[in-house]
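K.L.:
Given the coordinates of chain A, assemble chain B onto it according to the supplied hints.
Order-wise, the sequence lines are chains A and B. First residue of the first sequence? That's 0 in numbering that gives the first Met the number 0, and the numbers climb one at a time after it. First residue of the second sequence? That's 0 in numbering that gives the first Met the number 0, and the numbers climb one at a time after it.
Because the hints were derived from the structure by calculation, they are not lab data. Remember, it's a predicted structure, so these values are computed and weren't measured experimentally. Using N, Cα and C, we set each Cβ at its ideal position, and we do this for glycine too. Don't take each hint at face value.
Stated by the list, open to error - Under 7 Å between C-beta atoms, here's a sample of chain B residues computed to sit facing chain A:
id	residue
1	GLY189
2	SER247
3	LEU322
4	VAL326
Claimed, not checked - A few chain A positions that, by computed beta-carbon distances, are all more than 10 Å from chain B:
id	residue
5	ALA33
6	ALA142
7	ASP294
8	ILE296
9	HIS306
10	LYS430
11	ALA532
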Amino acid sequence: MARRVHIKDHHAEARLFARRAGLAALAATLALGAVAARLVQLQVLDHERYSTLSRENRVRLVPLPPPRGLIFDRNGVPVAENRPAYRLELVPEEITDLEGTLARLARIVDLRPLDIERFRALAARKPPFEAIPLRLRLSEAEAARFAVHRHEFPGVDITVRPARRYPAGPLLAHVLGYVARIDADDLEALDPVQYRGTSHVGKLGIERAYEPALHGQVGMQQVEVNAQGRALRVLERTPPRPGRSLWLSIDLRLQRVAQDALGEANGAVVAIDPRTGEVLALVSAPAYDPNLFVDGIDPDTYRALAHDPDRPLFNRALRGRYPPGSTIKPFMALAGLEYELIGPHTTRYCPGWFMLPIGERRYRDWKRDGHGVTDLRKAIAESCDVYFYDLAVRLGIDRIHGFLARFGFGAGTGLDVAEEAAGLLPSRAWKRRARGQPWFPGETVITGIGQGYLLVTPMELAAATATLATRGRRQRPHLVRAMAEPGAPPHPLAFAPVEPVRLARPDRWEAVVHAMEAVVHGRHGTARGIADAPYRIAGKTGTAQVFGLAEDQEYDPQTLAERLRDHALFIAFAPADAPRIAVAVIVENGGSGGAVAAPVARKVMDAWLLRDRAAQEEAGRGGGA
Amino acid sequence: MNGGRAGLLGPDETLARRRPGLLARAHLDLPLLAGLTAVAGLGLVVLYSAAGERMEVVARQLVRLGIGFGVMVAAAQVPPAALRRWAPWLYGLGVVLLAAVMTVGETGKGAQRWLDLGLVRFQPSELMKLALPLVVAWHLADAHLPPDARRVLAAAAAIAVPVTLIALQPDLGTALVVGAAGFFALFLAGLRWRWLAGLGLAAAAGAPALWHFMHDYQRARVLTFLDPERDPLGAGYHIIQSKIAIGSGGLFGKGWLHGTQAHLEFLPERATDFIFAVLGEEFGLTGTVTLLALYLFLVLRGLHIAARAQDTFARLTAGAVSLTFLVYAFVNTGMVTGLLPVVGLPLPLVSYGGTSLVTMMAGFGILMSVHTHRKLLSPS
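For reference, chain A alone in the conformation it holds in the complex (with noise of 0.2 Å):
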């Protein structure tokens, strides 16, 4: 076969086609004989085992989703459970009329064009058996009202099904988040024999950190169907294991304190004990009812929410970012101190306004006429703005951005939810990579006084106020402060320490912190409408200029329109000694912090430290009524 032919030769090429196509049929036929094979293998050999299989695969595994984690504040009043929701149910094969009765249901409950929707395409796609939902949440009239009138209909059926519920609603939006049904985006996400059966997913907040714990195990039923696949009798059944129960370090009435301290205004309120990081209220106004997006929320409602200008969505409290305004002095202090640019006692006058050796420009105080001979405790006191522009600049933005990222500027806290944003802590590299600019002299004045591009967050700001209370050492701020495995008791959870901000001297932290005291019990003090607390309090009153005012111009707070008027800030820790609340609330467009952020901040520490004191008020009221 090998020998080379140069004329074709037909005969020996067919000769070698019949060999090759001999070596094809025997090929074929072992093919197809490996395949006989293997039948008699399954068929005859192992018959007796894929018999019994065959037998037992008249079991169905039905998935039994487990019960979601509960949440409590951390009193141990609920605010995240389970409530039975009454689910409308329609059985297509046991309906003759199926659009006749869709037309009489809509009578007796709200049906709207979206529930129809989902309904046919729900529909069409399992067998006519199967039970499929119209409506998730009857109310409990239109169920009474349906229970009234069941036997009109055939086929249809109310069940009652665990529905998530949000008992504080706006209070706790943005920190909870909320449950809604699982999306296809979601799918990928999760685990695939964990969530069957599992129709909710946690999307935000608490909800969506936590998600894993909250979740559960997965309960699986063996049910034996008849041949049709109705299922008959249950034969086996492993219960699911319910998610842990959270504990929130959130105090609801502390919460409810500084919802209502805000008032109508747009704002943010976080409050932190500076021993532990527990946050113990956390408020960003206005909010939004999360059990709007538990079943699903209606195109209208979501574009109503979804443009409203206050931005009710918006989570302020860790996604804001503000200026700092004047806030940011207490940190540039101890900077000063730390870098021995300033003592306690050295002083620097104050005209009015500030120049850099180079340049025309003025910087303007907030007061006109100046402070005159200012020292630490005065320029803290009274905000003295020429003082701080004066240290920035001797300070330079390299140590300015070096010395405040110890505190967590610019970095986020950590918090265990995942949407907290970070600020901007800006530097030379910043600039240079964000503008592609080199940093300009006037820049490093106004951060001085937290104005240009220095951005905090309402969190980061409380933690670092919580942070100058506890003199240097830091905690990791955090929502959930136990948890509970399905019936046993909450164990307390630990979250990974901070590094402290350790001082050269720690008489630069009392310093500071006597200074502070002085913004609030201080003759001049620029929180001294709230000095008249029965507790020692450490503050420093900020206001952040939404826009820019040319050197020359005046502002003028009539003249400007709502949105465009500064933000008043304002941070605080109490008792000024040993601290157990620390305190930031920033009031959009609130003017002066200390007439309208201050007296906020002052409610909430109140409701924290006086707390048995204003119980025993409560408790007196109440018996007299």
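P.N.:
This is chain B only, laid out in the frame that chain A set:
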């Protein structure tokens, strides 16, 4: 061996030569026709059960089979010489259309396979299943056999182009069938064994590269083939359920319409790719081996026709078409019984639908044409 087969099929040969009957004048081959009818008939019976006793499904399949038989009869009228003239044009058209699918094709199930021609959607890869063996046969028709290196390399290139285009769609099952069809023509032409070994090594070396280009679902199929228990509720489910269906059928099966696996909807794709499992469950080993025997009969008859053909082109074409049919039968039954990975190939003439049915019947038409257009003066 040759003698044995001649003995088996001899009587009808002599019959046809002596008396050119109605069938011969219509260019049809009685053994093939009988075998195809038997398989299609058995297929309809199984389909009725697999489709949940819905007559309309069987009726639709009957229409498809009617079209298929019509195409077969039409193809049988085309003399091999005409096919030989058309071969390069058909191949060129196929490659152009495949390239068109890559750019403007419609995506179905995440893969581009269809070309929308307005009224009908057309799969160029189907055309290629016939055009590729035809063009390889055309290319080797006048060559000295066994082919020399230049011819083999040219043929290999002709095979590689459409196979690559189809694999990129990606449609691995069809790429496999098309590649096999071209390879069979080359093999039957007497491809030297050392070349064959070289091709095998090249394929083995190319496997990791192929793995790299595979979609996740394709990798999952290979992994599931290696270990079906890996994912009993997901990808391995098909194989496990079909093995249970077949195994529980035993020697004689549970009886027509009495397959619990199929009727309880445990068996996925039971009317299409996994219909062999329904046959196994309801008719047992008797049914499955009968079908395998029918397939083997059709393949052997096709090879016999090829061996008796009078020129190289007809021989190679007929042989390649027969062996391609074997690939369908073997890959599908091998997959359903868990011998081979899950590759989406239908059970020939039995699976519901299947665009490949028409192509397959056209192939049988070519076989009949080759057999009935012989010049009678040829000595046998």
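K.L.:
So, for every hint listed, does it hold in this structure?
P.N.:
Status of the hints after comparison with the structure:
Evaluation of the GLY189 of chain B hint against chain A yields a held restraint, the C-beta minimum of about 5 Å falling below 7 Å. The interface hint given for SER247 of chain B holds, since its Cβ lies 4 Å from the closest Cβ of chain A, which is under the 7 Å cut-off. Interface hint at LEU322 of chain B: satisfied, since its Cβ lies 6 Å from the closest Cβ of chain A, which is below the 7 Å cut-off. Interface restraint check for VAL326 of chain B: the shortest CB-CB distance to chain A comes to about 9 Å, outside 7 Å, so the restraint is violated.
Consistency note on ALA33 of chain A: stated as away from chain B, yet its beta-carbon is not over 10 Å from all of that chain's, at 7 Å minimum. Consistency note on ALA142 of chain A: stated as away from chain B, and its beta-carbon is indeed over 10 Å from all of that chain's, at 34 Å minimum. Once the 10 Å rule is applied to beta carbons, ASP294 of chain A is consistent with being away from chain B; the minimum gap is 28 Å. With a least beta-carbon separation of about 32 Å from chain B, ILE296 of chain A lies farther than 10 Å from that chain, consistent with its non-interface assignment.
Here HIS306 of chain A stays apart from chain B, with its beta-carbon at least about 36 Å from theirs, past the 10 Å limit. The Cβ of LYS430 of chain A sits about 44 Å from the closest Cβ of chain B, beyond the 10 Å cut-off, so the non-interface label holds. With 10 Å as the threshold on Cβ separation, the claim that ALA532 of chain A sits away from chain B holds: the shortest Cβ distance comes to roughly 63 Å.
The structure shown violates the earlier hints numbered 4, 5.
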